[in-house]
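**Student:** Sequence:
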Amino acid sequence: MMSKKVLSVALLLALAPAGQVFAEGITAAATDVAPAASLDDGTTHNTMPPASSDDCSQGFFSRLGAAYREDAQPADPNAPAPARRAMDAPLDSPPFPSSEWQLGGVAAPIGVPTSYGQYPLQKALSCTKLGNWMKRNRIEINGWINPSANVSSSSFTNYPLSYATRPNRVEFDQLVFNITRVEDTVQTDHVDWGFNISTLYGYDYHYTVSKGVFSNQLLNNPKSNSALNGKIYGVDPMLFYYDLYIPSVAEGMVIRIGRYLSLPDIEAQFSPQNYLVTHSILYTVDPYTQTGIMTTTRLSQQWTVQLGINASNDTAPWNHSARPTLQGCVRWVSKDNNDMLYPCINSWNTSDYNYNNVQMYVMTWGHRFSQSVHMQTEAYYMYGRNIPGFGPDGEPGVVASSPYPGKAGEYGVVNYLNFELNSSNMLSFRNEFYNDQKGQRTGYATKYSSHTLGLTHWVSSDLEIRPEIRYEHSYDVNAYNGGKKNYQAVAMVDAILHY
1 MMSKKVLSVA LLLALAPAGQ VFAEGITAAA TDVAPAASLD DGTTHNTMPP
51 ASSDDCSQGF FSRLGAAYRE DAQPADPNAP APARRAMDAP LDSPPFPSSE
101 WQLGGVAAPI GVPTSYGQYP LQKALSCTKL GNWMKRNRIE INGWINPSAN
151 VSSSSFTNYP LSYATRPNRV EFDQLVFNIT RVEDTVQTDH VDWGFNISTL
201 YGYDYHYTVS KGVFSNQLLN NPKSNSALNG KIYGVDPMLF YYDLYIPSVA
251 EGMVIRIGRY LSLPDIEAQF SPQNYLVTHS ILYTVDPYTQ TGIMTTTRLS
301 QQWTVQLGIN ASNDTAPWNH SARPTLQGCV RWVSKDNNDM LYPCINSWNT
351 SDYNYNNVQM YVMTWGHRFS QSVHMQTEAY YMYGRNIPGF GPDGEPGVVA
401 SSPYPGKAGE YGVVNYLNFE LNSSNMLSFR NEFYNDQKGQ RTGYATKYSS
451 HTLGLTHWVS SDLEIRPEIR YEHSYDVNAY NGGKKNYQAV AMVDAILHY
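Its first residue numbered 1, the sequence shown is counted upward by one per residue in our numbering.
Bear in mind the hints are in silico, worked out from the structure with no lab data behind them.
Among these hints, one or two may not hold up.
Stated by the list, open to error - Label-pair restraints from in silico Cβ distances:
hint: 1; residue 1: Gln273; residue 2: Pro317; range: 20 to 30 angstroms
hint: 2; residue 1: Asn221; residue 2: Ile469; range: 25 to 35 angstroms
hint: 3; residue 1: Gln273; residue 2: Ser372; range: 18 to 28 angstroms
hint: 4; residue 1: Ile232; residue 2: Gln187; range: 25 to 35 angstroms
hint: 5; residue 1: Asn229; residue 2: Asp55; range: 47 to 57 angstroms
hint: 6; residue 1: Ser334; residue 2: Lys223; range: 40 to 50 angstroms
hint: 7; residue 1: Arg138; residue 2: Gly482; range: 48 to 58 angstroms
hint: 8; residue 1: Ile469; residue 2: Leu307; range: 35 to 45 angstroms
hint: 9; residue 1: Phe429; residue 2: Phe177; range: 24 to 34 angstroms
hint: 10; residue 1: Pro237; residue 2: Asp352; range: 25 to 35 angstroms
Claimed, not checked - Calculated pairs, DSS-like style, for lysine-lysine (alpha carbon to alpha carbon, straight line, at most 27 angstroms):
hint: 11; residue 1: Lys231; residue 2: Lys407
hint: 12; residue 1: Lys447; residue 2: Lys485
hint: 13; residue 1: Lys407; residue 2: Lys335
hint: 14; residue 1: Lys438; residue 2: Lys223
hint: 15; residue 1: Lys484; residue 2: Lys447
hint: 16; residue 1: Lys447; residue 2: Lys407
hint: 17; residue 1: Lys485; residue 2: Lys223
hint: 18; residue 1: Lys231; residue 2: Lys447
hint: 19; residue 1: Lys438; residue 2: Lys407
hint: 20; residue 1: Lys485; residue 2: Lys438
Note that CB positions come from ideal geometry on N, CA and C, so glycine has one too.
Produce the complete structure using the sequences and hints provided.
**Tutor:** Right, here's the structure in full:
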């Protein structure tokens, strides 16, 4: 155990300066031209500048390296802004994970442009037949690699902290591969379409799996001596959906069919979409994905409505645990773009508890104090009906069953306060309160609080390094380290390398 702690501490201390060295090195490689070399006769010759990512005389890996060098340069302040049929972006990204107030169920709010080919792999493919075909059809491949390390006061498990459940170790969290086409919702003269197929490999699959979609690796692999059940590393085809954009409905409608992320959360499963490395308890135990049909309709620049039906939370329609479930949301943004309200009925049906079949009512509020300071607050109430209990007549094998049978509810609130330090650095401070009234979500009937402070440093537009510290407490029972402690302190860091 001591060697793991030493390795984790070493990684925590080493990643930040190493990232800075990486940034300085690739910046110098891209910007510094070597001085002309002097020959014996007193003449000079010029050293060739580095190849560019669109130089088709170079090989694939040369273009890939050139793309990383180019992405380390500052953005061109004089570059023309893309056409936009929406309010100005309220936030700066980077350093924040997104420039828009959140809206689930769509690639971007209707009327907001999206960038094509912004990551190195797609740039390097630009000179190939495949790359040219993809560019003509606006199809793109990209992804990221995301390792982390943590040092914890717990020795057996960090849960309900997620996703770094195993304490005092280096972890391979995510390798994500995306193939996508994003519909153009800025234009209004024709129907457009899009799709997304995203596959995740790594430890984080423990939290993202949907029952009926490669779920045996988790649900049918009990591990009594492990922090979580299931294989240590697994694969999850996390997203697979088709989008149809119809501009003639109101100010534009997107119909999404397939498996998509749960709508209203501040946080998301994919690492780059989060302000912090770890997740709130509130997010850890709520629904992650739904599979069904979702419509998103823009009524005006301020108002958007969403209606959908799915197979219930984290459950495939073809699985016996599926239950027809309704979703409905309204999103409002103030005229000055300083406030956003996003109330949702994230899941509603009349069925008793089944696999993660909870009823969920949630609201998110975003407020911008200035261009560099904003906050996000989310609160929800969830419950399940007729939860099986752990007693003599209970069913302890049922996933997320409760120590106490019957109706089990839980509620919580989380607040993010976010600061832009400069174009490469942001600071986020998260506080939350959570009450798992019967222990149905976390396994312990108790109230919790957690407090997290983290920094995101963009070494380049392709590399993020995120150190953070976190302290949390359970008030009614010992809920940490497998029920041995009522508190936990964790320091950790991760890195996200886009490709």
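**Student:** Hint by hint, note whether the structure agrees.
**Tutor:** Going down the list of hints, with the structure as the test:
1. Gln273 / Pro317: 20 to 30 angstroms: About 25 angstroms separates the Cβ atoms of glutamine 273 and proline 317, which means 20 to 30 angstroms holds.
2. Asn221 / Ile469: 25 to 35 angstroms: Once the Cβ atoms are compared, 33 angstroms apart, the range 25 to 35 angstroms for isoleucine 469 and asparagine 221 holds.
3. Gln273 / Ser372: 18 to 28 angstroms: 20 angstroms, holds
4. Ile232 / Gln187: 25 to 35 angstroms: 46 angstroms, violated
5. Asn229 / Asp55: 47 to 57 angstroms: With Cβ atoms ~50 angstroms apart, the hint holds.
6. Ser334 / Lys223: 40 to 50 angstroms: 49 angstroms, holds
7. Arg138 / Gly482: 48 to 58 angstroms: Holds - the Cβ-Cβ distance for arginine 138 and glycine 482, about 49 angstroms, lies within 48 to 58 angstroms.
8. Ile469 / Leu307: 35 to 45 angstroms: At roughly 41 angstroms between Cβ atoms, leucine 307 and isoleucine 469 fall inside 35 to 45 angstroms, so the hint holds.
9. Phe429 / Phe177: 24 to 34 angstroms: Roughly 33 angstroms apart at Cβ, these two residues keep to the hinted range, so it holds.
10. Pro237 / Asp352: 25 to 35 angstroms: At roughly 29 angstroms between Cβ atoms, aspartate 352 and proline 237 fall inside 25 to 35 angstroms, so the hint holds.
11. Lys231 / Lys407: Distance of about 31 angstroms is beyond 27 angstroms: violated.
12. Lys447 / Lys485: 14 angstroms, holds
13. Lys407 / Lys335: 42 angstroms, violated
14. Lys438 / Lys223: 24 angstroms, holds
15. Lys484 / Lys447: 16 angstroms, holds
16. Lys447 / Lys407: 18 angstroms, holds
17. Lys485 / Lys223: Within the cut-off at roughly 22 angstroms; holds.
18. Lys231 / Lys447: 30 angstroms, violated
19. Lys438 / Lys407: Holds, at roughly 9 angstroms.
20. Lys485 / Lys438: Measuring from Cα to Cα gives roughly 19 angstroms; hence the hint holds.
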